[in-house]
Amino acid sequence: MRWWRPKSLSGLMLVGLALIAVPLLIAILTAVLQIRDLADRGQKIVIQGVAGARASQQLFSQMASLERTARLYQVLADPPLLELYRTQDQLLSATREQLRLHAATDTAQTLEQLGGLQRNIRFTVMSTPPSSGAAAASDLSSRFAQLSALVERVAQQSNAQVDSEVAALEAQTLHARNRLLWQTAPLLPLALVAVFVLTLGVGRPLRQLDRAISELGQGAFTNPIAVAGPHDLERLGGQLEWLRQRLLELAHERNRFLRHISHELKTPLANIREGTELLMDGAVGELDSNQREVTAILRENGIKLQRMIENLLSFSAWQTSSVGLEATEFRLRPLVKQVLENQQLTLLSQRVRLDVRVEDVTLVADRGKIRLILENLCWMSPTAAPGSPARIASTCSRRSTPGARRAARR
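Residue numbers (numbering that gives the first Met the number 0): 0 to 409.
Errors might be hidden in some of the hints.
Unchecked claim - Quick list of simulated restraints, FRET-style, between CB atoms:
#	residue 1	residue 2	range
1	355	276	21 to 31 Å
2	334	212	31 to 41 Å
3	248	352	44 to 54 Å
4	138	77	30 to 40 Å
5	125	148	20 to 30 Å
6	307	219	53 to 63 Å
7	12	264	53 to 63 Å
8	252	307	14 to 24 Å
9	183	237	22 to 32 Å
Just so you know, the hints here were simulated from the structure itself, not pulled from any lab data. Glycine is no exception: its CB is placed at the ideal position from the N, C-alpha and C atoms.
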(Lines of atoms letter the chains of each structure in order from A and count residues from 1; the text may use other names and numbers.)
(Lines give C-alpha, C1' and ligand atoms only; values in the text may rest on other atoms or scores of the structure.)
Protein backbone atom coordinates (compact mmCIF):
# COMPACT_ATOMS: atom_id res chain seq x y z
CA MET A 1 0.00 0.00 0.00
CA ARG A 2 1.48 3.32 -1.10
CA TRP A 3 0.89 6.44 0.96
CA TRP A 4 -0.48 9.40 -0.93
CA ARG A 5 1.89 12.33 -1.11
CA PRO A 6 1.58 15.77 -2.71
CA LYS A 7 2.89 16.09 -6.24
CA SER A 8 4.29 19.60 -5.86
CA LEU A 9 6.15 21.65 -3.29
CA SER A 10 3.20 24.02 -2.92
CA GLY A 11 0.91 21.03 -2.34
CA LEU A 12 3.27 19.71 0.31
CA MET A 13 3.31 23.10 2.04
CA LEU A 14 -0.50 23.24 1.92
CA VAL A 15 -0.74 19.76 3.43
CA GLY A 16 1.65 20.77 6.21
CA LEU A 17 -0.28 23.96 6.91
CA ALA A 18 -3.51 21.96 6.90
CA LEU A 19 -2.08 19.55 9.47
CA ILE A 20 -1.40 22.55 11.68
CA ALA A 21 -4.43 24.71 10.88
CA VAL A 22 -7.26 22.14 10.73
CA PRO A 23 -6.96 20.97 14.37
CA LEU A 24 -6.64 24.60 15.43
CA LEU A 25 -9.74 25.58 13.44
CA ILE A 26 -11.66 22.64 14.91
CA ALA A 27 -10.65 23.70 18.42
CA ILE A 28 -11.62 27.32 17.69
CA LEU A 29 -14.98 26.28 16.21
CA THR A 30 -15.68 24.03 19.19
CA ALA A 31 -14.75 26.83 21.58
CA VAL A 32 -17.00 29.29 19.72
CA LEU A 33 -19.94 26.89 19.85
CA GLN A 34 -19.43 26.17 23.53
CA ILE A 35 -19.04 29.85 24.38
CA ARG A 36 -22.17 30.69 22.40
CA ASP A 37 -24.09 27.95 24.20
CA LEU A 38 -22.87 29.21 27.56
CA ALA A 39 -23.73 32.78 26.61
CA ASP A 40 -27.24 31.78 25.49
CA ARG A 41 -27.82 29.82 28.65
CA GLY A 42 -26.48 32.65 30.82
CA GLN A 43 -28.69 35.14 28.99
CA LYS A 44 -31.69 32.86 29.50
CA ILE A 45 -30.93 32.56 33.21
CA VAL A 46 -30.63 36.34 33.55
CA ILE A 47 -33.89 36.94 31.69
CA GLN A 48 -35.73 34.31 33.70
CA GLY A 49 -34.27 35.61 36.94
CA VAL A 50 -35.26 39.19 36.18
CA ALA A 51 -38.72 38.09 35.03
CA GLY A 52 -39.16 35.90 38.12
CA ALA A 53 -38.09 38.68 40.47
CA ARG A 54 -40.38 41.16 38.74
CA ALA A 55 -43.30 38.70 38.79
CA SER A 56 -42.69 37.96 42.49
CA GLN A 57 -42.80 41.67 43.27
CA GLN A 58 -45.99 41.98 41.23
CA LEU A 59 -47.49 39.06 43.17
CA PHE A 60 -46.81 40.83 46.47
CA SER A 61 -48.16 44.15 45.18
CA GLN A 62 -51.24 42.64 43.52
CA MET A 63 -52.00 40.46 46.54
CA ALA A 64 -51.83 43.51 48.83
CA SER A 65 -54.13 45.49 46.52
CA LEU A 66 -56.51 42.54 46.27
CA GLU A 67 -56.66 42.20 50.07
CA ARG A 68 -57.20 45.93 50.55
CA THR A 69 -60.04 46.02 48.00
CA ALA A 70 -61.71 42.96 49.57
CA ARG A 71 -61.63 44.55 53.03
CA LEU A 72 -63.05 47.82 51.69
CA TYR A 73 -65.82 45.96 49.92
CA GLN A 74 -66.66 44.08 53.15
CA VAL A 75 -66.97 47.44 54.96
CA LEU A 76 -68.50 49.75 52.32
CA ALA A 77 -70.44 47.26 50.16
CA ASP A 78 -69.75 49.46 47.13
CA PRO A 79 -70.36 47.63 43.76
CA PRO A 80 -67.48 49.42 41.95
CA LEU A 81 -65.16 47.96 44.58
CA LEU A 82 -66.38 44.49 43.66
CA GLU A 83 -65.67 45.21 40.00
CA LEU A 84 -62.20 46.47 40.97
CA TYR A 85 -61.68 43.26 42.93
CA ARG A 86 -62.48 41.19 39.86
CA THR A 87 -59.96 43.16 37.77
CA GLN A 88 -57.23 42.81 40.39
CA ASP A 89 -57.98 39.10 40.73
CA GLN A 90 -57.53 38.66 36.98
CA LEU A 91 -54.19 40.51 37.09
CA LEU A 92 -53.04 38.23 39.90
CA SER A 93 -54.06 35.16 37.87
CA ALA A 94 -52.16 36.46 34.81
CA THR A 95 -49.01 37.04 36.87
CA ARG A 96 -49.34 33.56 38.34
CA GLU A 97 -49.61 32.02 34.86
CA GLN A 98 -46.57 33.99 33.73
CA LEU A 99 -44.53 32.49 36.56
CA ARG A 100 -45.83 29.02 35.72
CA LEU A 101 -44.27 29.17 32.19
CA HIS A 102 -40.65 28.81 33.43
CA ALA A 103 -41.24 27.47 36.93
CA ALA A 104 -39.71 24.30 38.27
CA THR A 105 -41.83 21.43 39.57
CA ASP A 106 -41.95 22.53 43.20
CA THR A 107 -42.64 26.13 42.20
CA ALA A 108 -45.42 24.99 39.88
CA GLN A 109 -47.01 23.01 42.72
CA THR A 110 -46.89 26.06 44.98
CA LEU A 111 -48.45 28.18 42.22
CA GLU A 112 -51.18 25.57 41.87
CA GLN A 113 -51.89 25.82 45.61
CA LEU A 114 -51.84 29.60 45.32
CA GLY A 115 -54.37 29.45 42.48
CA GLY A 116 -56.68 27.19 44.47
CA LEU A 117 -56.56 29.48 47.48
CA GLN A 118 -57.11 32.50 45.22
CA ARG A 119 -60.26 30.92 43.77
CA ASN A 120 -61.47 30.07 47.27
CA ILE A 121 -61.01 33.67 48.43
CA ARG A 122 -62.74 34.97 45.28
CA PHE A 123 -65.71 32.68 45.94
CA THR A 124 -65.86 33.84 49.56
CA VAL A 125 -65.76 37.52 48.62
CA MET A 126 -68.38 37.09 45.91
CA SER A 127 -70.75 34.94 47.96
CA THR A 128 -70.49 36.55 51.40
CA PRO A 129 -72.69 39.65 51.78
CA PRO A 130 -71.05 42.78 53.18
CA SER A 131 -71.24 43.49 56.94
CA SER A 132 -71.37 39.77 57.72
CA GLY A 133 -69.68 40.26 61.02
CA ALA A 134 -66.30 39.87 62.65
CA ALA A 135 -66.11 36.11 62.03
CA ALA A 136 -66.26 36.56 58.26
CA ALA A 137 -63.65 39.32 58.38
CA SER A 138 -61.35 37.17 60.52
CA ASP A 139 -61.74 34.22 58.16
CA LEU A 140 -60.91 36.45 55.18
CA SER A 141 -57.82 37.80 56.94
CA SER A 142 -56.66 34.27 57.72
CA ARG A 143 -57.01 33.22 54.10
CA PHE A 144 -55.12 36.28 52.84
CA ALA A 145 -52.36 35.45 55.36
CA GLN A 146 -52.13 31.97 53.83
CA LEU A 147 -52.05 33.55 50.36
CA SER A 148 -49.21 35.84 51.45
CA ALA A 149 -47.28 32.85 52.77
CA LEU A 150 -47.69 31.06 49.44
CA VAL A 151 -46.50 34.14 47.54
CA GLU A 152 -43.45 34.31 49.82
CA ARG A 153 -42.74 30.62 49.14
CA VAL A 154 -43.03 31.21 45.38
CA ALA A 155 -40.47 34.04 45.62
CA GLN A 156 -38.07 31.84 47.60
CA GLN A 157 -38.47 28.92 45.20
CA SER A 158 -37.88 31.24 42.20
CA ASN A 159 -34.68 32.53 43.78
CA ALA A 160 -33.58 28.97 44.56
CA GLN A 161 -34.27 27.96 40.96
CA VAL A 162 -32.11 30.85 39.67
CA ASP A 163 -29.31 29.91 42.08
CA SER A 164 -29.49 26.28 40.92
CA GLU A 165 -29.31 27.26 37.26
CA VAL A 166 -26.36 29.59 37.96
CA ALA A 167 -24.53 26.74 39.72
CA ALA A 168 -25.29 24.44 36.77
CA LEU A 169 -23.95 27.12 34.41
CA GLU A 170 -20.73 27.35 36.43
CA ALA A 171 -20.34 23.57 36.32
CA GLN A 172 -20.95 23.57 32.56
CA THR A 173 -18.39 26.35 32.13
CA LEU A 174 -15.79 24.36 34.06
CA HIS A 175 -16.57 21.27 32.00
CA ALA A 176 -16.27 23.25 28.77
CA ARG A 177 -12.93 24.69 29.87
CA ASN A 178 -11.55 21.23 30.68
CA ARG A 179 -12.82 19.87 27.37
CA LEU A 180 -11.14 22.71 25.49
CA LEU A 181 -7.88 21.96 27.29
CA TRP A 182 -8.09 18.30 26.29
CA GLN A 183 -8.93 19.26 22.72
CA THR A 184 -6.06 21.73 22.38
CA ALA A 185 -3.51 19.46 24.10
CA PRO A 186 -2.92 17.34 20.93
CA LEU A 187 -2.19 20.48 18.89
CA LEU A 188 1.48 20.56 19.95
CA PRO A 189 2.23 16.96 18.88
CA LEU A 190 0.32 17.53 15.65
CA ALA A 191 2.37 20.65 15.00
CA LEU A 192 5.58 18.70 15.65
CA VAL A 193 4.39 15.96 13.28
CA ALA A 194 3.63 18.58 10.64
CA VAL A 195 7.09 20.12 11.05
CA PHE A 196 8.65 16.66 10.76
CA VAL A 197 6.64 15.89 7.62
CA LEU A 198 7.62 19.21 6.05
CA THR A 199 11.26 18.73 7.00
CA LEU A 200 11.28 15.19 5.64
CA GLY A 201 9.37 16.07 2.50
CA VAL A 202 11.27 19.26 1.66
CA GLY A 203 14.60 18.95 3.46
CA ARG A 204 15.67 15.63 1.92
CA PRO A 205 15.23 16.66 -1.75
CA LEU A 206 16.81 20.03 -1.00
CA ARG A 207 19.84 18.26 0.50
CA GLN A 208 20.00 16.04 -2.57
CA LEU A 209 19.94 19.11 -4.80
CA ASP A 210 22.63 20.80 -2.70
CA ARG A 211 24.86 17.73 -2.89
CA ALA A 212 24.31 17.44 -6.65
CA ILE A 213 25.16 21.11 -7.24
CA SER A 214 28.28 20.80 -5.06
CA GLU A 215 29.44 17.77 -7.07
CA LEU A 216 28.87 19.63 -10.33
CA GLY A 217 30.83 22.59 -8.99
CA GLN A 218 33.71 20.28 -8.05
CA GLY A 219 33.72 18.74 -11.52
CA ALA A 220 32.44 15.31 -10.45
CA PHE A 221 30.24 14.28 -13.37
CA THR A 222 30.23 10.50 -12.86
CA ASN A 223 27.49 10.20 -10.19
CA PRO A 224 23.92 10.29 -11.60
CA ILE A 225 21.61 12.87 -10.04
CA ALA A 226 18.29 11.55 -8.71
CA VAL A 227 15.98 13.63 -6.51
CA ALA A 228 13.04 11.98 -4.70
CA GLY A 229 10.31 14.32 -3.52
CA PRO A 230 7.66 16.64 -4.94
CA HIS A 231 7.38 16.63 -8.71
CA ASP A 232 8.68 20.16 -9.17
CA LEU A 233 11.84 19.31 -7.21
CA GLU A 234 12.14 16.05 -9.16
CA ARG A 235 11.91 18.06 -12.38
CA LEU A 236 14.66 20.33 -11.08
CA GLY A 237 16.74 17.24 -10.34
CA GLY A 238 16.08 16.06 -13.89
CA GLN A 239 17.38 19.38 -15.23
CA LEU A 240 20.52 19.00 -13.12
CA GLU A 241 20.94 15.44 -14.46
CA TRP A 242 20.67 16.80 -18.01
CA LEU A 243 23.26 19.45 -17.11
CA ARG A 244 25.56 16.78 -15.67
CA GLN A 245 25.32 14.68 -18.81
CA ARG A 246 25.94 17.75 -20.95
CA LEU A 247 29.00 18.75 -18.93
CA LEU A 248 30.26 15.18 -19.08
CA GLU A 249 29.85 15.18 -22.86
CA LEU A 250 31.70 18.49 -23.07
CA ALA A 251 34.50 17.09 -20.91
CA HIS A 252 34.78 14.05 -23.18
CA GLU A 253 34.75 16.30 -26.24
CA ARG A 254 37.52 18.42 -24.75
CA ASN A 255 39.58 15.33 -23.98
CA ARG A 256 39.09 14.02 -27.49
CA PHE A 257 40.06 17.41 -28.86
CA LEU A 258 43.18 17.54 -26.71
CA ARG A 259 44.14 14.00 -27.69
CA HIS A 260 43.66 14.86 -31.34
CA ILE A 261 45.69 18.05 -31.03
CA SER A 262 48.41 16.24 -29.12
CA HIS A 263 48.56 13.57 -31.82
CA GLU A 264 48.77 16.23 -34.49
CA LEU A 265 51.53 17.99 -32.54
CA LYS A 266 53.48 14.85 -31.70
CA THR A 267 53.92 13.85 -35.35
CA PRO A 268 55.85 16.97 -36.46
CA LEU A 269 57.48 17.12 -33.04
CA ALA A 270 58.79 13.60 -33.51
CA ASN A 271 60.24 14.63 -36.87
CA ILE A 272 61.88 17.66 -35.30
CA ARG A 273 63.39 15.56 -32.52
CA GLU A 274 64.59 12.95 -34.99
CA GLY A 275 66.18 15.68 -37.10
CA THR A 276 67.93 17.20 -34.12
CA GLU A 277 69.22 13.79 -33.05
CA LEU A 278 70.61 13.24 -36.56
CA LEU A 279 72.29 16.61 -36.41
CA MET A 280 73.74 15.82 -32.98
CA ASP A 281 75.02 12.45 -34.26
CA GLY A 282 76.75 14.17 -37.22
CA ALA A 283 74.68 12.42 -39.87
CA VAL A 284 74.82 15.51 -42.10
CA GLY A 285 78.36 16.43 -41.21
CA GLU A 286 80.41 17.48 -38.24
CA LEU A 287 78.97 20.44 -36.33
CA ASP A 288 81.02 23.20 -34.88
CA SER A 289 80.52 24.36 -31.32
CA ASN A 290 77.92 27.03 -32.15
CA GLN A 291 75.90 24.70 -34.33
CA ARG A 292 76.03 22.00 -31.69
CA GLU A 293 74.84 24.45 -29.06
CA VAL A 294 71.88 25.51 -31.22
CA THR A 295 71.05 21.87 -31.96
CA ALA A 296 71.17 21.04 -28.25
CA ILE A 297 68.75 23.88 -27.54
CA LEU A 298 66.39 22.55 -30.22
CA ARG A 299 66.57 19.04 -28.77
CA GLU A 300 66.01 20.27 -25.24
CA ASN A 301 62.99 22.37 -26.18
CA GLY A 302 61.56 19.50 -28.20
CA ILE A 303 61.75 17.28 -25.13
CA LYS A 304 60.22 20.05 -23.04
CA LEU A 305 57.38 20.52 -25.53
CA GLN A 306 56.67 16.80 -25.51
CA ARG A 307 56.52 16.76 -21.71
CA MET A 308 54.23 19.77 -21.69
CA ILE A 309 51.83 18.05 -24.09
CA GLU A 310 51.79 14.93 -21.93
CA ASN A 311 51.28 17.00 -18.77
CA LEU A 312 48.42 18.89 -20.44
CA LEU A 313 46.67 15.63 -21.26
CA SER A 314 47.20 14.25 -17.77
CA PHE A 315 46.03 17.46 -16.12
CA SER A 316 42.90 17.58 -18.30
CA ALA A 317 42.00 14.00 -17.41
CA TRP A 318 42.60 14.75 -13.74
CA GLN A 319 40.48 17.92 -13.67
CA THR A 320 37.47 16.42 -15.44
CA SER A 321 37.68 13.23 -13.36
CA SER A 322 37.07 11.26 -16.52
CA VAL A 323 39.83 8.94 -15.36
CA GLY A 324 39.64 7.94 -11.71
CA LEU A 325 42.54 7.31 -9.41
CA GLU A 326 44.25 4.00 -10.09
CA ALA A 327 45.81 3.13 -6.76
CA THR A 328 48.59 0.58 -7.07
CA GLU A 329 51.49 -0.47 -4.89
CA PHE A 330 54.89 0.66 -6.16
CA ARG A 331 58.32 1.67 -4.88
CA LEU A 332 59.10 5.36 -4.73
CA ARG A 333 62.89 5.31 -5.33
CA PRO A 334 62.77 3.71 -8.84
CA LEU A 335 60.04 6.17 -9.88
CA VAL A 336 62.10 9.18 -8.73
CA LYS A 337 65.15 7.78 -10.52
CA GLN A 338 63.21 7.32 -13.75
CA VAL A 339 61.79 10.86 -13.67
CA LEU A 340 65.24 12.38 -13.01
CA GLU A 341 66.75 10.41 -15.88
CA ASN A 342 64.06 11.69 -18.24
CA GLN A 343 64.59 15.27 -17.05
CA GLN A 344 68.39 15.08 -16.92
CA LEU A 345 69.07 17.17 -20.02
CA THR A 346 66.66 19.88 -18.95
CA LEU A 347 68.13 20.06 -15.46
CA LEU A 348 71.69 20.13 -16.79
CA SER A 349 70.87 22.89 -19.26
CA GLN A 350 69.44 24.94 -16.41
CA ARG A 351 72.50 24.15 -14.27
CA VAL A 352 70.34 22.64 -11.53
CA ARG A 353 72.18 20.65 -8.88
CA LEU A 354 70.25 17.80 -7.31
CA ASP A 355 70.44 16.48 -3.77
CA VAL A 356 68.44 13.26 -3.88
CA ARG A 357 67.73 11.45 -0.59
CA VAL A 358 64.84 9.10 -1.19
CA GLU A 359 64.20 6.12 1.04
CA ASP A 360 63.18 2.90 -0.58
CA VAL A 361 59.57 3.09 0.60
CA THR A 362 56.52 1.43 -0.88
CA LEU A 363 53.46 3.58 -1.66
CA VAL A 364 49.85 2.75 -2.44
CA ALA A 365 48.78 5.59 -4.74
CA ASP A 366 48.20 6.55 -8.36
CA ARG A 367 51.61 6.07 -9.93
CA GLY A 368 50.84 8.29 -12.89
CA LYS A 369 49.73 11.19 -10.67
CA ILE A 370 52.86 10.90 -8.49
CA ARG A 371 55.00 10.85 -11.63
CA LEU A 372 53.21 13.98 -12.90
CA ILE A 373 53.84 15.77 -9.59
CA LEU A 374 57.55 14.90 -9.68
CA GLU A 375 57.89 16.11 -13.28
CA ASN A 376 56.17 19.40 -12.41
CA LEU A 377 58.59 19.84 -9.50
CA CYS A 378 61.51 19.32 -11.86
CA TRP A 379 60.13 21.88 -14.29
CA MET A 380 59.42 24.43 -11.54
CA SER A 381 62.68 24.10 -9.61
CA PRO A 382 64.81 26.24 -11.98
CA THR A 383 62.33 29.13 -11.88
CA ALA A 384 61.63 28.86 -8.15
CA ALA A 385 65.27 29.06 -7.03
CA PRO A 386 67.65 29.64 -9.96
CA GLY A 387 71.21 28.64 -9.19
CA SER A 388 70.28 26.95 -5.89
CA PRO A 389 70.56 23.22 -5.31
CA ALA A 390 67.27 21.34 -5.56
CA ARG A 391 66.69 18.81 -2.84
CA ILE A 392 64.42 15.80 -3.29
CA ALA A 393 63.88 13.82 -0.10
CA SER A 394 61.31 11.49 1.40
CA THR A 395 60.47 10.52 4.95
CA CYS A 396 58.17 7.80 6.17
CA SER A 397 56.50 6.92 9.45
CA ARG A 398 54.90 3.67 10.52
CA ARG A 399 51.22 3.53 11.41
CA SER A 400 49.58 1.12 13.82
CA THR A 401 48.90 -1.28 10.92
CA PRO A 402 52.06 -3.28 10.13
CA GLY A 403 53.57 -2.55 6.74
CA ALA A 404 51.59 0.66 6.16
CA ARG A 405 53.73 3.71 5.48
CA ARG A 406 53.27 7.30 4.60
CA ALA A 407 55.63 9.10 2.26
CA ALA A 408 56.05 12.85 2.12
CA ARG A 409 57.90 14.71 -0.58
CA ARG A 410 59.49 18.10 -0.23
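Against the structure, the hints come out as follows:
no., hint, in the structure
1, 355 x 276: 21 to 31 Å, "holds (27 Å)"
2, 334 x 212: 31 to 41 Å, "holds (38 Å)"
3, 248 x 352: 44 to 54 Å, "holds (48 Å)"
4, 138 x 77: 30 to 40 Å, "violated (21 Å)"
5, 125 x 148: 20 to 30 Å, "holds (23 Å)"
6, 307 x 219: 53 to 63 Å, "violated (27 Å)"
7, 12 x 264: 53 to 63 Å, "holds (58 Å)"
8, 252 x 307: 14 to 24 Å, "holds (22 Å)"
9, 183 x 237: 22 to 32 Å, "violated (43 Å)"
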